[in-house]
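Could you put the whole structure together from the sequences, leaning on the hints where they help?
Protein chains in written order, with this note's numbering: chain A, 1 to 328; chain B, 1 to 328.
Rather than coming from a laboratory, the hints here were simulated on the basis of the structure. The C-beta atom is built at its ideal place from N, Cα and C for all residues, glycine as well. Among the hints, erroneous ones may be present.
[Unchecked claim] In the SDA-like style, the derived pairs of lysine to any residue whose C-alpha atoms are separated by at most 25 Å in a straight line are:
(1) B:K37 <-> A:W181
(2) A:K220 <-> A:R198
(3) A:K37 <-> B:S153
(4) A:K34 <-> B:I50
(5) B:K194 <-> A:P166
(6) A:K37 <-> B:K37
(7) B:K32 <-> A:K268
(8) A:K37 <-> B:A263
(9) A:K157 <-> B:W181
(10) B:K37 <-> A:P166
(11) B:K32 <-> B:Y132
(12) B:K268 <-> A:E38
(13) A:K34 <-> B:E171
(14) A:K268 <-> A:W318
(15) A:K34 <-> B:K268
(16) A:K157 <-> B:K268
[Stated by the list, open to error] Simulated restraints, written as ranges between beta carbons of each label pair:
(17) B:G200 <-> A:D18: 24 to 32 Å
(18) A:S153 <-> B:E266: 55 to 63 Å
(19) B:R326 <-> A:R8: 45 to 53 Å
(20) A:L73 <-> B:D18: 19 to 27 Å
(21) A:H168 <-> B:L328: 52 to 60 Å
(22) A:R323 <-> B:P12: 28 to 36 Å
(23) B:G200 <-> A:T142: 50 to 58 Å
(24) A:R280 <-> B:Q17: 45 to 53 Å
(25) B:S243 <-> A:I50: 32 to 40 Å
(26) B:G200 <-> A:P222: 46 to 54 Å
(27) B:R326 <-> A:R241: 56 to 64 Å
(28) A:G200 <-> B:H11: 25 to 33 Å
(29) A:R241 <-> B:A263: 51 to 59 Å
There are 2 protein chains.
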Amino acid sequence: MTSHECSRKLHPGIQLQDMGSFHIGGSHIQIKDKPIKEIDVNPNSGRRIIVDPNGTYHVGQIYVQYYIPQNVLSRYPLLLWHGGGMTGKTYETTPDGRPGWLNYFVRCGWKTYLSDAVERGRSGWCPAAQMYEEPPTLFNHTYIFQRFRLGRSFQEKTLFENSRFPIHAFEEYSMEFVPRWTSTSDQTVDAYCKLLERLGPSVIVAHSQGATLAFEVMEKKPELVKALVAVEPYAAGTPERISQIRHIPILWIFGDYTDEVPAWKEAKETATAYCEEFCRHNGDGQVLELDRIGIRGNSHMMMMEYNNFEIADLIEDWLIDHRLTRSL
Amino acid sequence: MTSHECSRKLHPGIQLQDMGSFHIGGSHIQIKDKPIKEIDVNPNSGRRIIVDPNGTYHVGQIYVQYYIPQNVLSRYPLLLWHGGGMTGKTYETTPDGRPGWLNYFVRCGWKTYLSDAVERGRSGWCPAAQMYEEPPTLFNHTYIFQRFRLGRSFQEKTLFENSRFPIHAFEEYSMEFVPRWTSTSDQTVDAYCKLLERLGPSVIVAHSQGATLAFEVMEKKPELVKALVAVEPYAAGTPERISQIRHIPILWIFGDYTDEVPAWKEAKETATAYCEEFCRHNGDGQVLELDRIGIRGNSHMMMMEYNNFEIADLIEDWLIDHRLTRSL
Numbered sequence: 001m002t003s004h005e006c007s008r009k010l011h012p013g014i015q016l017q018d019m020g021s022f023h024i025g026g027s028h029i030q031i032k033d034k035p036i037k038e039i040d041v042n043p044n045s046g047r048r049i050i051v052d053p054n055g056t057y058h059v060g061q062i063y064v065q066y067y068i069p070q071n072v073l074s075r076y077p078l079l080l081w082h083g084g085g086m087t088g089k090t091y092e093t094t095p096d097g098r099p100g101w102l103n104y105f106v107r108c109g110w111k112t113y114l115s116d117a118v119e120r121g122r123s124g125w126c127p128a129a130q131m132y133e134e135p136p137t138l139f140n141h142t143y144i145f146q147r148f149r150l151g152r153s154f155q156e157k158t159l160f161e162n163s164r165f166p167i168h169a170f171e172e173y174s175m176e177f178v179p180r181w182t183s184t185s186d187q188t189v190d191a192y193c194k195l196l197e198r199l200g201p202s203v204i205v206a207h208s209q210g211a212t213l214a215f216e217v218m219e220k221k222p223e224l225v226k227a228l229v230a231v232e233p234y235a236a237g238t239p240e241r242i243s244q245i246r247h248i249p250i251l252w253i254f255g256d257y258t259d260e261v262p263a264w265k266e267a268k269e270t271a272t273a274y275c276e277e278f279c280r281h282n283g284d285g286q287v288l289e290l291d292r293i294g295i296r297g298n299s300h301m302m303m304m305e306y307n308n309f310e311i312a313d314l315i316e317d318w319l320i321d322h323r324l325t326r327s328l
Numbered sequence: 001m002t003s004h005e006c007s008r009k010l011h012p013g014i015q016l017q018d019m020g021s022f023h024i025g026g027s028h029i030q031i032k033d034k035p036i037k038e039i040d041v042n043p044n045s046g047r048r049i050i051v052d053p054n055g056t057y058h059v060g061q062i063y064v065q066y067y068i069p070q071n072v073l074s075r076y077p078l079l080l081w082h083g084g085g086m087t088g089k090t091y092e093t094t095p096d097g098r099p100g101w102l103n104y105f106v107r108c109g110w111k112t113y114l115s116d117a118v119e120r121g122r123s124g125w126c127p128a129a130q131m132y133e134e135p136p137t138l139f140n141h142t143y144i145f146q147r148f149r150l151g152r153s154f155q156e157k158t159l160f161e162n163s164r165f166p167i168h169a170f171e172e173y174s175m176e177f178v179p180r181w182t183s184t185s186d187q188t189v190d191a192y193c194k195l196l197e198r199l200g201p202s203v204i205v206a207h208s209q210g211a212t213l214a215f216e217v218m219e220k221k222p223e224l225v226k227a228l229v230a231v232e233p234y235a236a237g238t239p240e241r242i243s244q245i246r247h248i249p250i251l252w253i254f255g256d257y258t259d260e261v262p263a264w265k266e267a268k269e270t271a272t273a274y275c276e277e278f279c280r281h282n283g284d285g286q287v288l289e290l291d292r293i294g295i296r297g298n299s300h301m302m303m304m305e306y307n308n309f310e311i312a313d314l315i316e317d318w319l320i321d322h323r324l325t326r327s328l
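Structure (structure tokens):
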């Protein structure tokens, strides 16, 4: 099954009422007592300018793009939240140039909101602010190959058996990563809550760190989340707060090879234990292990892999079953 | 004239053949001899991971979004390049929520490519790389108010007379800025050249630093640039190389109040002197001073101001006159 063979009869083009972008969240900070800098903004022009790093800045905002289809079939906005070390690019074109989940959901009639977390991508960050004084981390090629389960060894470049990853486009994949701080999760949660307040009740599809943060967001704004699709979250919600969010249907999705990397084996166990507790509270939760339903070969980056539309179909089928949208 | 009153009969929606994104440019670097780090990727999960900053990274790439209209009227792709301290967001929705030049040109039938410069926005950067060891600069509120000619004093918040800037949305405007290094211009020029090599001959609309870099790009790839619209560049091309690029039509646009800020007065003088020399070489160049044709009140950020579509019309009229596209 290739990415284009999905169960939907998607229109070949993309018909939009509107598209655009905005920032939301964060607050002002004042920077004081830093030395004045003189910088050469265009080294080849030979002109230097004086820059005073002191003053007012806005920090903690997120960047959000929106795509409103001509024919909206969904009852609620769909929010796509990316994982750690990445940006909203995660859901755009795949590394090998096929359409990603953004185009899929827009073409299925979802009002889709694609964002960058705080300090990632177009959200921006303030070098002079205290919270960024620890250096950020950019994952290297070994990490994004092994940790995200493309294969056992980056040195040997051998993919796991049945891998669906477009490995010839590893270069593009590696270019999609951006530095991440570890001190900004709370700000991202705050900004996501503000986004929900602006848009009203919404469906969230979130990956990895984004999915972990989505549980915090649900616990803060349970009335504004209509469903969560958690794609390989690293952690789950707080068991003590399940009763507050048990009205929100939750679908977890895990790919193949989770036994190969202890962190993901543990992540799946955490999700499974939480889901059992969630269901004991009469929550509507399900952990979907792709390898157990015969879909082999997906890594942590399933939204980019050859069968990315097959997985998107599973997500949309579940959302249709929950009466959150209509079938195309 | 508001932004929606432009001379084009724009279709209310946006009909696309396709949209997507990719990265291009840059190269591998190897980082060695840095200490291993242990980081807490999800502070609230209590789980720490080992991160080795040594290894392979890709640096110097740019992020590019593309929007291909259903009915393409232009003969060439249109590349939108932003200015220093900003990202491609510059051309998306204006700070006060009106459509920007991206939507304008897509709706006029241009295959439009919107990018982030090297290390800006979704292009990403590598904290471990030498080239980023000098701290970057984020412009503060005073700078983005005064330097970019919204008004004389940020403290007093008084706009220049006739200002077209949506000042009630200053907050959103301030959130659009990202840190910038001064060491990455050459890499951005290289990535822009690679973009032209991929797309073939193209029209460039570039702002501020992006327009300054566009002159360098034209001098390197004169056969791949069909026209340049330089919106308030800080510097011009190299006079000695004019003969290589004199076949490329160039339109400069400057807004109002340039006499209020010496750097922009000087930038306009530089452009004017270069344009005269360009025309002496039989180049087709024009410096359009908006205030001299009765369009008062535009700052450095004219693509975001109330009359942004009026200015876009002037640009498109000039492109139509040069047979680079057909009228809608």
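Outcome of the hint check:
1. Simply put, K37 (chain B) and W181 (chain A) have alpha-carbon atoms about 13 Å apart, close enough for the 25 Å limit, and the pair holds.
2. Between K220 (chain A) and R198 (chain A), the direct Cα distance comes to roughly 15 Å. Compliance with the 25 Å bound is thereby established for this hinted pair.
3. In summary, the hint linking K37 (chain A) to S153 (chain B) is supported, as the alpha carbons are separated by about 20 Å, within the 25 Å threshold.
4. For a cut-off of 25 Å, the pair hint linking K34 (chain A) to I50 (chain B) is broken: about 33 Å separates their Cα positions.
5. Between the alpha carbons of K194 (chain B) and P166 (chain A) the distance comes to roughly 23 Å, so the proposed pair stays at or under 25 Å and holds.
6. In summary, the hint linking K37 (chain A) to K37 (chain B) is not supported, as the alpha carbons are separated by about 31 Å, beyond the 25 Å threshold.
7. Restraint check for K32 (chain B) and K268 (chain A): the C-alpha separation of about 34 Å exceeds 25 Å, so the hint is violated.
8. At roughly 17 Å between alpha-carbon atoms, K37 (chain A) and A263 (chain B) fall within 25 Å of each other, so this suggested pair holds.
9. For a cut-off of 25 Å, the pair hint linking K157 (chain A) to W181 (chain B) is broken: about 34 Å separates their Cα positions.
10. Among the hinted pairs, K37 (chain B) with P166 (chain A) is inconsistent with the structure: their alpha-carbon atoms are about 30 Å apart, more than 25 Å.
11. The straight-line distance between the Cα atoms of K32 (chain B) and Y132 (chain B) is roughly 16 Å, inside the 25 Å bound, and the hint therefore holds.
12. Taking the CA atoms of K268 (chain B) and E38 (chain A), the gap is about 22 Å. The hint holds against a cut of 25 Å.
13. At most 25 Å may separate the alpha-carbon atoms for a hinted pair to count; K34 (chain A) and E171 (chain B) meet this at roughly 23 Å.
14. Between K268 (chain A) and W318 (chain A) the CA atoms are separated by roughly 20 Å; this keeps the pair inside 25 Å, and the hint holds.
15. Distance restraint check for K34 (chain A) and K268 (chain B): the Cα-Cα separation of roughly 32 Å exceeds the 25 Å cut-off, and the hinted pair is therefore not satisfied.
16. For the given pair, K157 (chain A) sits about 53 Å from K268 (chain B) by alpha-carbon distance, which is inconsistent with the 25 Å threshold.
17. The given range of 24 to 32 Å is respected by G200 (chain B) and D18 (chain A), whose C-beta atoms sit roughly 30 Å from each other.
18. At roughly 57 Å, the beta carbons of S153 (chain A) and E266 (chain B) sit within the given window of 55 to 63 Å.
19. Restraint check, R326 (chain B) to R8 (chain A): a C-beta distance of roughly 35 Å breaks the suggested window 45 to 53 Å.
20. A beta carbon spacing of about 21 Å between L73 (chain A) and D18 (chain B) agrees with the range 19 to 27 Å that was offered as a hint.
21. For the pair H168 (chain A) and L328 (chain B), the beta carbons lie near 40 Å from each other, so the given range of 52 to 60 Å is not met.
22. The hinted window of 28 to 36 Å between R323 (chain A) and P12 (chain B) holds, with their beta carbons roughly 30 Å apart.
23. Evaluation of the 50 to 58 Å hint for G200 (chain B) and T142 (chain A) yields a failure: the beta carbon distance comes to about 36 Å.
24. A hinted range of 45 to 53 Å holds for the C-beta pair R280 (chain A) and Q17 (chain B), which are about 50 Å apart.
25. Under the hint 32 to 40 Å, the C-beta atoms of S243 (chain B) and I50 (chain A), about 36 Å apart, fit the expected range.
26. Between G200 (chain B) and P222 (chain A) the beta carbon distance is about 52 Å. The supplied range of 46 to 54 Å therefore holds.
27. Roughly 59 Å separates the CB atoms of R326 (chain B) and R241 (chain A), a value that falls within the hinted 56 to 64 Å.
28. Look at G200 (chain A) against H11 (chain B): about 28 Å separates their beta carbons, and that is inside 25 to 33 Å.
29. Our hint of 51 to 59 Å for R241 (chain A) and A263 (chain B) holds, since their Cβ atoms are close to 54 Å apart.
Violated hints, in rising order: 4, 6, 7, 9, 10, 15, 16, 19, 21, 23; the structure is consistent with all others.
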